[in-house]
Amino acid sequence: MSKMIITAQEAAEHIKDGMTLMIGGFMACGTSESIMDAIVARRTSNLTVIGNDAGLENTGIGKLISAGLVKKLIASHIGLNPLVGKLMNEGALEVVLTPQGTLAEQVRAGGAGLGGVLTPTGLGTSVQDGKEVIAVDGKEFLLEKPLRADAALLLGSVVDKEGNILYKGTTRNFNPLMATAADLVIVEAETLVETGEIEPEAVVTPGIFVDYIVIGGSV
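Everything in the sequence shown is counted per the numbering used here, starting at 366 for the first residue and increasing by one.
Possibly wrong hints are sitting among the right ones.
Stated by the list, open to error - Keeping only pairs whose Cα atoms sit at most 25 angstroms apart, straight-line, the calculated DSS-like set for lysine-lysine is:
#  : residue 1 : residue 2
1  : 526       : 437
2  : 436       : 510
3  : 437       : 381
4  : 368       : 526
5  : 526       : 436
6  : 496       : 437
7  : 436       : 451
8  : 368       : 533
9  : 451       : 437
10 : 510       : 496
11 : 381       : 436
Unchecked claim - Listed next, with one range per pair, are the computed distances between beta-carbon atoms:
#  : residue 1 : residue 2 : range
12 : 559       : 494       : 47 to 55 angstroms
13 : 566       : 489       : 41 to 49 angstroms
14 : 383       : 445       : 24 to 32 angstroms
No wet-lab data here; the hints were simulated from the structure.
On a predicted model such as this, the values are computed, not experimentally measured, just so you know.
For glycine and all other residues, C-beta sits at the position ideal for the given N, C-alpha and C.
Required output: the full structure, derived from the provided sequences and hints.
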């Protein structure tokens, strides 16, 4: 049985006010732009977004922020989107800045059902504020708790009708991790192919993780 293929508009209907979203991409490379546009069109708001970065003002996650739909952003970098810094300083957007490797491991832990990650990164800095410090063999580590989301929005370079995903180049980034750490997973396919057309060893995200497929550019 093939995965349900839906439009970007139908995908956006699954995203409700107040949800926590994981959004793949690295400076918007590997981000599901059609789904971003559809969420903006629906004006779904009060969102918590987990992603590597804030995109640019009119690209990737930045589209949601520019539209005023995000209440909280958990990311490792916001430097290419000056609007985020402005909103953060004004108190209009809560921003949690997390070291990139830590963020990746928090998502991985969420997908694997782990209780957290121990890392020395951030000790003695503001990253440590409010977090538990655990000593292992005489060395201190921060306990970083796992991250999960209500929905993950991915971009796949090639996706078959069972939802198996191949990522080309740097579009891979956070997408495979996020596919495992959300209750609902929607992938936007740049190219949709028949089941079996992707070589098994090229599949990075197995279709078992994917609930819906959006054909890239559909509305």
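Quick rundown of the hints versus the structure:
{"no.": "1", "hint": "526 to 437", "verdict": "violated (34 angstroms)"}
{"no.": "2", "hint": "436 to 510", "verdict": "holds (21 angstroms)"}
{"no.": "3", "hint": "437 to 381", "verdict": "holds (15 angstroms)"}
{"no.": "4", "hint": "368 to 526", "verdict": "holds (6 angstroms)"}
{"no.": "5", "hint": "526 to 436", "verdict": "violated (34 angstroms)"}
{"no.": "6", "hint": "496 to 437", "verdict": "holds (19 angstroms)"}
{"no.": "7", "hint": "436 to 451", "verdict": "holds (14 angstroms)"}
{"no.": "8", "hint": "368 to 533", "verdict": "holds (21 angstroms)"}
{"no.": "9", "hint": "451 to 437", "verdict": "holds (14 angstroms)"}
{"no.": "10", "hint": "510 to 496", "verdict": "holds (9 angstroms)"}
{"no.": "11", "hint": "381 to 436", "verdict": "holds (14 angstroms)"}
{"no.": "12", "hint": "559 to 494: 47 to 55 angstroms", "verdict": "holds (51 angstroms)"}
{"no.": "13", "hint": "566 to 489: 41 to 49 angstroms", "verdict": "holds (43 angstroms)"}
{"no.": "14", "hint": "383 to 445: 24 to 32 angstroms", "verdict": "holds (27 angstroms)"}
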